[in-house]
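Given the sequences, and given the hints that come with them, work out the whole structure.
Read off the chains here:
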Amino acid sequence: MLVNCVAYQSGVRLEDIRPQDISDYVQRPDCFVWVAVRDPLPAELDALQEEFSLHELAVEDARHGHQRPKIEEYGKSLFVVLPIMEMNGSELQLGELMVFAGENYILSIRQHAEHGFTDVRRRAEAEPELLRHGSAYVLYALMDTVVDRYFPVVDALDDEIVAIEKNVFADVPSRATIEAMYALKQKLLAVKHAAGPLLEATGKLYGGRVPQICAGLQDYFRDVNDHLLRLNQSIDNLRDTVTTVTSVNLALITLQESEVTKRLAAYAALVAVPTMVAGLYGMNFKNMPELSWPYGYPLALLIMLVIDAYLFYRFRKAKWL
Amino acid sequence: MLVNCVAYQSGVRLEDIRPQDISDYVQRPDCFVWVAVRDPLPAELDALQEEFSLHELAVEDARHGHQRPKIEEYGKSLFVVLPIMEMNGSELQLGELMVFAGENYILSIRQHAEHGFTDVRRRAEAEPELLRHGSAYVLYALMDTVVDRYFPVVDALDDEIVAIEKNVFADVPSRATIEAMYALKQKLLAVKHAAGPLLEATGKLYGGRVPQICAGLQDYFRDVNDHLLRLNQSIDNLRDTVTTVTSVNLALITLQESEVTKRLAAYAALVAVPTMVAGLYGMNFKNMPELSWPYGYPLALLIMLVIDAYLFYRFRKAKWL
Amino acid sequence: MLVNCVAYQSGVRLEDIRPQDISDYVQRPDCFVWVAVRDPLPAELDALQEEFSLHELAVEDARHGHQRPKIEEYGKSLFVVLPIMEMNGSELQLGELMVFAGENYILSIRQHAEHGFTDVRRRAEAEPELLRHGSAYVLYALMDTVVDRYFPVVDALDDEIVAIEKNVFADVPSRATIEAMYALKQKLLAVKHAAGPLLEATGKLYGGRVPQICAGLQDYFRDVNDHLLRLNQSIDNLRDTVTTVTSVNLALITLQESEVTKRLAAYAALVAVPTMVAGLYGMNFKNMPELSWPYGYPLALLIMLVIDAYLFYRFRKAKWL
Amino acid sequence: MLVNCVAYQSGVRLEDIRPQDISDYVQRPDCFVWVAVRDPLPAELDALQEEFSLHELAVEDARHGHQRPKIEEYGKSLFVVLPIMEMNGSELQLGELMVFAGENYILSIRQHAEHGFTDVRRRAEAEPELLRHGSAYVLYALMDTVVDRYFPVVDALDDEIVAIEKNVFADVPSRATIEAMYALKQKLLAVKHAAGPLLEATGKLYGGRVPQICAGLQDYFRDVNDHLLRLNQSIDNLRDTVTTVTSVNLALITLQESEVTKRLAAYAALVAVPTMVAGLYGMNFKNMPELSWPYGYPLALLIMLVIDAYLFYRFRKAKWL
Amino acid sequence: MLVNCVAYQSGVRLEDIRPQDISDYVQRPDCFVWVAVRDPLPAELDALQEEFSLHELAVEDARHGHQRPKIEEYGKSLFVVLPIMEMNGSELQLGELMVFAGENYILSIRQHAEHGFTDVRRRAEAEPELLRHGSAYVLYALMDTVVDRYFPVVDALDDEIVAIEKNVFADVPSRATIEAMYALKQKLLAVKHAAGPLLEATGKLYGGRVPQICAGLQDYFRDVNDHLLRLNQSIDNLRDTVTTVTSVNLALITLQESEVTKRLAAYAALVAVPTMVAGLYGMNFKNMPELSWPYGYPLALLIMLVIDAYLFYRFRKAKWL
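Chains as they are written, first to last, in numbering that gives the first Met the number 0: chain A, 0 to 320; chain B, 0 to 320; chain C, 0 to 320; chain D, 0 to 320; chain E, 0 to 320.
It is worth saying that the hints were derived from the structure and are not from the lab. Treat the hints with care, as some may be off.
Which copy is meant is left open, so a pair is good if it fits within one copy or across any two.
Taking lysine-lysine and the DSS-like style, the derived pairs with C-alpha atoms no more than 27 angstroms apart in a straight line are [to be verified]: (1) Lys186 to Lys316; (2) Lys318 to Lys203; (3) Lys165 to Lys186; (4) Lys285 to Lys69; (5) Lys75 to Lys318; (6) Lys165 to Lys191.
Put into structure tokens, the structure is as follows:
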């Protein structure tokens with residue numbers, strides 16, 4: 000579905016154009032065309048491939064979707080795959096933004112993602128002195144936006160770990176905690192596999208040899224890379240924390256089992272001892288003087304009580320009860 | 000066993016040729032010969048070695064089989080070992096495709112693999128403008144096909160982990176789950192050891208210095224490399240998941256043991272307390288007034304029942320039962 | 000909040016200047032201006048950006064705060080983010096010192112940190128022959144001070160681990176120990192994530208290509224890097240130790256449970272055996288000669304005592320009791 | 000002990016020579032001398048050092064033995080330490096082959112190893128066109144042989160792990176399995192420490208800058224390196240498998256304990272319930288009508304049996320028995 | 000404390016000189032001065048700094064002590080920090096040897112170490128042809144000696160692990176074993192943190208660009224590096240072994256607990272069954288024919304014995320007892 004198709008000249012919006020006219024505008028050296036589509040049909044992709052003369056292999060990737068984050072050069076143009084992460088309740092939803100960036104065109108394809116990028120276009124058009132840099136600046140603006148939207152996702156995962164942490168330390172160990180930890184780990188894995196390769200890829204847009212169209216905006220791409228570094232550090236931090244919480248949880252389960260064993264044993268003793276005493280006086284010996292004592296029975300009960308009271312005191316002191 | 004032996008000129012199929020004529024065609028600068036054999040006998044290999052003047056060390060590798068994935072240069076020609084992975088039910092079967100690629104010949108040797116590569120030849124012959132690139136394009140087409148066939152294998156392993164995951168969270172822990180997890184881990188290890196070195200090897204076919212015959216097709220070999228990167232990421236993902244599931248399973252076993260201990264203790268208490276009370280009234284004291292009460296017996300039973308009911312209520316509340 | 004704003008000439012303090020005059024002094028080639036602010040308001044930052052012509056992206060980072068440690072070049076000037084660590088009781092508090100360093104100015108922004116850097120200025124002014132190196136020397140002095148203040152933090156964490164270690168080996172395992180270990184791990188994680196990237200960043204200030212303004216002071220920056228290396232080694236050491244202590248703790252919990260099980264079983268045996276003997280003599284057989292013996296009852300008690308004494312002796316010998 | 004001392008010319012065996020004549024032959028440009036000794040005495044080493052003018056530091060290493068695998072250049076000559084691994088029953092025995100290789104001499108010193116290298120000499124002499132390459136070819140032949148002898152060792156360890164695997168899944172967990180696993184791990188550690196550094200060392204004999212005497216045989220040394228790569232992959236594979244089996248074993252021990260606990264509890268219940276019922280009818284109440292019923296006793300027994308049968312059925316269904 | 004202060008010319012001892020004359024001798028191009036001090040007072044260090052014109056930052060490091068192992072260049076001179084490890088009973092003691100090496104001087108500062116280096120001086124003076132290389136040779140001799148003294152330390156730790164290993168497999172698991180393992184791990188950590196960075200540092204003294212004064216002795220420094228490589232391999236080996244032994248110990252504790260549980264359950268059964276039988280015959284039913292049988296009582300005892308004998312046989316067979 001075509002979202003937008005606009006031609007720009009010297010950083011200023013020229014006009015909305017029809018898709019079939021794209022190739023004409025792309026020829027003009029002073030112009031650049033910015034096209035945004037979402038979840039395109041195969042036929043739409045084919046048409047765009049022809050208008051922009053996109054490389055077969057890159058278009059094939061776009062057709063299949065579910066690519067890993069990457070920045071590939073095809074001659075003078077770039078093919079960029081940016082993962083999009085959105086929290087849908089406590090579910091993590093993964094989409095992708097694919098960007099074809101040439102000297103005077105930019106084509107962005109959004110897939111499986113709710114949140115669009117019209118605000119990027121609005122902001123870019125509001126700053127014509129920056130938009131004058133052309134397609135590279137748009138590429139930067141899109142990357143910057145995609146990356147900035149990762150932070151709330153990581154923050155949501157951070158909140159989850161804090162909640163789990165509380166459960167682990169406050170409550171008795173439970174299946175629910177283990178399942179929550181598992182779900183969080185899987186989400187962190189997905190986030191890591193999105194942000195990690197992207198970090199690596201953006202590292203090639205500044206510093207040594209960079210793609211020609213990015214040459215003038217190295218400080219900006221370094222800034223994106225820096226945000227990704229920060230993000231990756233947060234993710235590693237969360238992963239370490241989850242690992243630690245997992246092992247803490249296991250230790251607490253083991254410790255709790257040990258405590259339960261002791262408590263049970265204490266209660267068992269409180270029952271077993273009177274049973275033994277009662278067993279003694281249940282013996283059928285002819286000659287058991289206590290049995291004929293007038294206060295034999297209450298005395299026996301008293302003995303049981305005293306022993307139990309003493310045991311109870313000892314167990315309390317040893318913190319078994 | 001010889002599968003196919005065909006000469007091509009300018010990307011067009013010339014004719015099927017006899018193996019003993021190969022060396023004549025290889026001399027002709029405008030031709031290239033594409034030979035495919037499967038599970039060759041030593042004598043066949045010797046004959047092919049002579050026709051193509053293959054390097055002794057490479058042929059020795061081909062003779063022994065079970066090589067690690069690699070791409071080796073011998074002068075201007077390449078010796079490529081590609082692992083083939085096929086699912087045979089839930090068993091992973093490993094074969095290999097060995098390719099000798101020279102300026103105007105390509106020799107592919109398939110070993111221990113069911114599925115052939117005749118579809119690659121058919122597709123290549125249907126696109127003469129690409130086949131004109133010669134042996135390098137055939138090499139690319141073979142590599143691309145081999146790598147693309149990895150994906151269903153990884154998907155099958157992904158399904159296995161999902162099934163195990165369900166078992167772990169739904170059922171009580173069992174030997175079967177642990178054994179399934181072990182089998183899966185071993186398969187992942189095999190897949191990793193196939194895809195990992197291949198990723199590394201293909202990385203040398205584009206970018207910096209590349210073998211001469213691959214020079215014109217760098218974008219294509221980068222695409223193969225990109226698929227392998229994606230594949231390796233999926234495998235790492237699966238391995239991480241298996242590790243997590245393993246530790247979750249261990250935690251659940253420990254937790255379940257703790258729960259069982261508590262349940263058992265609760266039931267033991269429900270039996271032990273009446274036994275103790277019964278023991279009391281089994282004592283033989285002369286002077287036990289309760290024994291002579293008309294309703295002494297039912298009262299004793301009632302007491303036991305009341306205590307057990309109370310205990311039952313308490314255990315339920317504490318979620319021990 | 001502005002802390003200080005001073006102009007220097009040839010390493011000697013010239014005079015306190017007003018913020019709005021900064022840009023004048025920065026023009027003068029023989030001068031350099033050293034400005035220190037803490038927790039600046041957005042408006043203050045905007046004013047400083049204009050006076051020093053700071054790069055937009057760097058100022059944006061300063062505005063957001065909570066950056067990862069880094070040293071970035073913007074043209075000839077540097078933007079340095081140094082994490083500040085302070086122990087607040089047993090809490091670890093993280094702030095940051097951001098430094099903009101140009102050829103003839105230095106601007107330091109302190110955030111979320113108690114302890115200021117006026118002593119650095121005092122010491123620098125006391126050594127005009129070093130201060131003559133200009134802004135790079137001030138940058139070195141600030142970095143050196145920030146890094147040196149890490150050591151007491153690491154020492155405090157070292158003390159914590161020693162205390163935990165003692166608990167683990169001396170006491171019975173407890174929740175408190177596990178919680179303390181968790182808290183310590185989290186602090187070590189925070190410290191690591193502060194000191195690690197800084198080590199990497201400072202490594203670029205000596206050796207190969209270095210930012211121009213640091214060129215003359217490479218030995219000094221190498222010294223800062225060396226301190227960070229030592230610090231990182233200490234942190235890794237602590238992390239390894241915590242890991243080891245954690246596993247030791249788990250082993251001791253498991254071992255203790257095993258010991259408790261044995262002790263409980265021993266006590267249970269001491270109760271169960273007399274109960275069994277008593278049960279025997281509680282049987283109602285007509286013909287049980289022992290029952291009529293005059294000393295049958297004390298004999299039965301004696302038998303119980305002897306068996307228990309023997310068991311007690313055996314359990315003691317086997318170290319179960 | 001001197002094993003062999005032969006001079007060669009143009010790849011053809013010239014004659015057996017006396018050790019004291021070595022230095023004369025080494026002078027002759029068209030000759031090369033191949034000396035093999037095993038477990039040499041210090042005096043023998045001193046003599047050889049003089050004849051070949053070996054470097055003091057290399058000879059010192061040879062004197063001490065137990066060096067790590069390495070390839071060191073001393074001027075134009077090489078000092079190579081190759082670990083020899085031999086299975087002696089289920090024991091792994093480590094020896095070493097030290098090779099001094101100069102432009103026209105090769106000196107091999109075998110230590111702590113049963114199996115000699117006379118077959119290498121025989122094979123080399125059978126192929127004079129290859130032996131013509133001189134000392135570098137002999138070095139290759141020795142390395143190739145040493146490395147090829149590693150494979151049966153790794154295969155033997157592979158068999159061990161398969162046997163352990165079977166035990167883990169088939170039998171109840173046992174000390175013997177844990178001890179076998181420990182022994183295997185230690186052997187794998189030894190093998191890894193032999194093959195790993197050798198892989199690294201051989202990697203310097205082809206590709207970029209290589210020692211002068213190896214220059215003409217790079218394809219051959221790459222082949223040795225390739226075998227080592229394969230070997231290292233097998234070792235890593237085995238190590239991963241051992242790690243997995245270890246954790247599986249631990250999981251099965253824990254699981255089995257949980258199963259045993261349940262089975263024991265079931266049997267305990269089958270005993271405890273009749274005991275309780277018997278206790279009830281052992282009470283001495285005057286007024287217990289059941290006691291006077293003619294079939295009271297068999298009824299009581301029946302009740303016990305019925306309860307136990309029901310419990311047994313329940314336990315079976317829950318797979319506790 | 001000054002240990003020695005000697006001037007050398009062409010590798011031959013010239014004379015003992017007074018510290019205050021050092022700077023004179025250092026000027027003479029054909030001389031070199033070798034000064035050894037131990038645990039110097041600040042004043043002594045200041046004096047030496049002036050005589051040798053040492054760099055402020057290096058002297059500051061020497062003053063503080065407890066540096067990490069390193070080799071730093073200050074202009075043409077080197078500052079080397081070598082950790083000294085000595086076993087003091089079963090305690091590991093860490094000291095350091097700091098060496099300032101210039102073109103014609105060498106200053107060694109020993110701290111916190113018992114064992115001196117006078118034997119190095121004696122040996123060096125006995126070989127004037129090597130000592131002629133000047134300060135670099137002395138630096139080599141000191142490094143070689145320091146590194147060679149690490150080996151007995153590692154051997155001592157190896158003996159410790161062998162002793163622990165024996166305990167783990169022979170005895171029942173115990174606190175003492177866990178504590179010994181912890182102590183060993185900490186020592187290995189300390190040794191690793193000493194030998195690892197030193198390995199890295201010495202790697203810069205041969206091969207590519209090396210400090211000027213070391214240029215002529217690269218083979219010697221490579222030899223030191225080789226010893227360190229061997230040492231690091233041994234340490235890694237030990238660390239791996241400790242890790243394995245730790246996990247083996249945990250597995251054995253878990254396994255032993257499982258065995259104890261089974262043994263206890265068996266004994267409990269041997270007591271519980273007679274108790275149940277006795278309970279049956281303790282019931283007060285009017286009509287229990289067995290009670291009147293003349294051999295009822297011995298028969299009941301016999302039944303108990305037979306059941307217990309059978310159970311005992313079964314438990315033995317199942318290896319529970």
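request  = Of all the hints given earlier, name the ones this structure violates by number, lowest first.
outcome  = 1, 2, 4, 5
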